[in-house]
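There are 2 protein chains.
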Amino acid sequence: MSKALPTREENYSEWYNELVKRANLAENSAVRGCMVIKPYGYAIWEKMQRALDDMFKETGHTNAYFPLFIPKSFLSKEASHVEGFAKECAVVTHYRLKNDPDGKGVVVDPEAKLEEELIVRPTSETVIWNSYKNWVQSHRDLPILINQWANVVRWEMRTRLFLRTAEFLWQEGHTAHATREEAVAETNQMLEVYAKFAEEWMAVPVVRGRKTANERFAGADDTLCIEALMQDGKALQAGTSHFLGQNFAKAFDVKFQDKTGKQEFVWGTSWGVSTRLMGALIMAHSDDLGLVLPPKLAPIQVVIVPIYKGEEQLNAIFERMEPTIKSLKVQGISVKFDDDDSARPGWKFAEYELKGVPVRIAVGARDLENHQVEVARRDTLSKESVSMDGLDQYLINLLNDIQNNIYKKALAFRTANTFEVNTWEEFTQKIEEGGFLSAHWDGTSETEEKIKELTKATIRCIPLDFKEEEGTCILTGKPSKGRVLFAKAY
Amino acid sequence: MSKALPTREENYSEWYNELVKRANLAENSAVRGCMVIKPYGYAIWEKMQRALDDMFKETGHTNAYFPLFIPKSFLSKEASHVEGFAKECAVVTHYRLKNDPDGKGVVVDPEAKLEEELIVRPTSETVIWNSYKNWVQSHRDLPILINQWANVVRWEMRTRLFLRTAEFLWQEGHTAHATREEAVAETNQMLEVYAKFAEEWMAVPVVRGRKTANERFAGADDTLCIEALMQDGKALQAGTSHFLGQNFAKAFDVKFQDKTGKQEFVWGTSWGVSTRLMGALIMAHSDDLGLVLPPKLAPIQVVIVPIYKGEEQLNAIFERMEPTIKSLKVQGISVKFDDDDSARPGWKFAEYELKGVPVRIAVGARDLENHQVEVARRDTLSKESVSMDGLDQYLINLLNDIQNNIYKKALAFRTANTFEVNTWEEFTQKIEEGGFLSAHWDGTSETEEKIKELTKATIRCIPLDFKEEEGTCILTGKPSKGRVLFAKAY
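Chains as they are written, first to last, in the numbering used here: chain F, 1 to 490; chain E, 1001 to 1490.
Hints are supplied without guarantee of correctness; some may be wrong.
What the hints assert, rightly or not - Here's a subset of chain F near chain E, in silico, CB distances under 8 Å, partners left out:
id, residue
1, I37
2, F66
3, V82
4, L97
5, P101
6, N130
Since the hints were derived computationally from the structure, they do not count as laboratory data.
Idealized CB from N, CA, C, for every residue including glycine.
Using the sequences and the hints, build the whole thing.
Below, the structure is given as structure tokens:
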């Protein structure tokens, strides 16, 4: 590490950018808005994928793969969908290059123009519902419960690593059902899967809620979401689950014969989370020394740094640690024994702090004599001497402890930064300080827009645990039936 | 199943197409040349991915992700690379659509034209080596051992499901090394990983070999390959591993300081296998009744079909089978108990044969009395009565047996269809019958081209176990130092 990170206090945004780069998570590429996800970052993403994929399969879904390209005409079939995506999409117009007659490079071959332009998928509802049309005849063909892991492209003008990139990786679930009730239940179920993943794996507490009409997915009748609070007081939408009604079924003429023999349109849902979760993970927990990773998603969960002079001491340390290493590996814990002799222990300590390794063990000659090791926790930065007897079980308990502690800390932060506000004055003052503001709103898109214009705050969601409560809108003073959650957001 | 598949004898090509569709592996999409990989096909691909990914990690590689788009100018930097890929690539020229002023659709917004066109990656050497440039300064930064799982696009004019599609899924390894020797060793190692995967997982025997200069990857100094023989006597290239020399390092100026302080260009390799392997898997083993899947890659390894009247009998069967099911699941075997009452056992039998489920168990009331089940093998179509005692272990042994038997059968087929030929007459006659022909060749590209023109046969590879042997070229009669492997190929 050449020099310290900017602190969060100094410049949260710079701290984030630098941390992502220095911890080798990702970097910008030569292609505008597209990132390179580096091995360490990708290893975290793989752990996320595996956990989510298991949860999708447990809830009855299977994976499949649909084309990268969407014929331009497909996009137009669902009116609000095209409205939402046409303005920021990558368009393929040609299928060949040829040698530049005037130079040594290559140019687009004008003779290889596509009859119909292809859009690089910004999301796959259209191409998938066009397939479902052929898959569904009878109620016996339903439900279809499919997920796909894929890359998508949205031509964002202002991009930030993980948070907003032109290309990103995600999963998109697309399900088809015989009844509205079943589709609604699926929408709810997948939101709960996301919330569980965020809380139990990422250790990020989330608010489960419903988007206002303004913020709904383009083509959905209802959009559910999970919202997390970052350390700078800004909210981050971490996942969405959409009830699509019969919109895409109607756009692509997907009908089925129900049990009584009647032709009905199919009901749909879609739901997705993306590499944006990486941004949430980083911003929710990390500190001025670097990443703080929840043990369940850490590529290296325990690192052992031997402190030694000469090969003999190194071997002695390794020999004594080997049973612990083996036992941990058998129990599915990833352990690294760092015997790289080109770096000093102090440098390594800083490096593993930067990388967010949850537990660091230091062992020297003296420790061997005392039959103990020094165990350092990344989350609290505390250290203690621990006996080598039963060290494996100690570490497994410690990892669980860290996972829980990180979650509790994030939850305490959110609790301390969620405020009920009742006046416009309070609102405008608090919103500058950050956090979730729970406030009355008159229910109109107009007011929502106006508040956004004046304060940059948006309605993150109408919480699912919304309570009826008489009140007056913070901006207009008109009557309101309950509080919604405002914040500035990523 | 509505009607029988075409037989392989009647029309191998039609048999393949129909089988892929009816077994729900994949289908064509509305986008020219792009396929939809359906859940059952994708489940097989996932098993392939998992096995390969584990092997890559065991050999020290990590995954990462690089951009989908390649700036046009990057392609031109390596002369033979652009030559190889420019003629069949999807080109993004615009980043926005707008409402058609004359109609209700959308059109490309001419004002949103990219300054430099972007190519949808046909392979990622250029964009990756452009990143490596910034990652490598010293010999301590080497080797870089990275793999990526990704979609790529090559604008093929004639496409076939899995075998040749405009978009396909693959993995591409890209490594960078300090020395030629290390890069060569990596190239060899990865070929061996592919060969092992083909033989031990896919149960497909392969010839390990080297491509002639003509058939080399565009940008490589040497291309190694594994070649498999399909049941119709045509060869299929199942994987390639390229020694890139310093070609991409020079094109992207990737240098490092070696231990003596000298600046040197980095040595590279790349290697890949794709969803084409699905085609190889299908064509190597399947029969006129449907798929024959090797147990290690079968999404369902054992299916249990209860034969019953009424719920009471069904429950009794399930109860008796439950310990076996549980025991198999614990041992990692995927078992399906098919209690769907909307289909008859006979229909189910045919369906699971079509789907290639390796082991099918039928159990009826009589079986319960006799404390036995009927076990049918998909590979040999044989059936036998087996006691319920120790059934789990019997099935595990049987699955191993089937895996081995499928491999042996494919190997016997290849052995029976590999011929040494010594004259042009023999060659032209045998090549029509199919199979691998081992023959002398004078070593010139000219002769290779001529043979291809005359017979459609190509040199699949110069086998790695090439033996020096004096001979004369089958076409030109010129001297040759050994035999190479010819075949017609997919």
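Quick rundown of the hints versus the structure:
no. : hint : verdict
1   : I37  : holds, 4 Å
2   : F66  : holds, 5 Å
3   : V82  : holds, 6 Å
4   : L97  : holds, 4 Å
5   : P101 : violated, 14 Å
6   : N130 : holds, 6 Å
The structure shown violates just one earlier hint, number 5.
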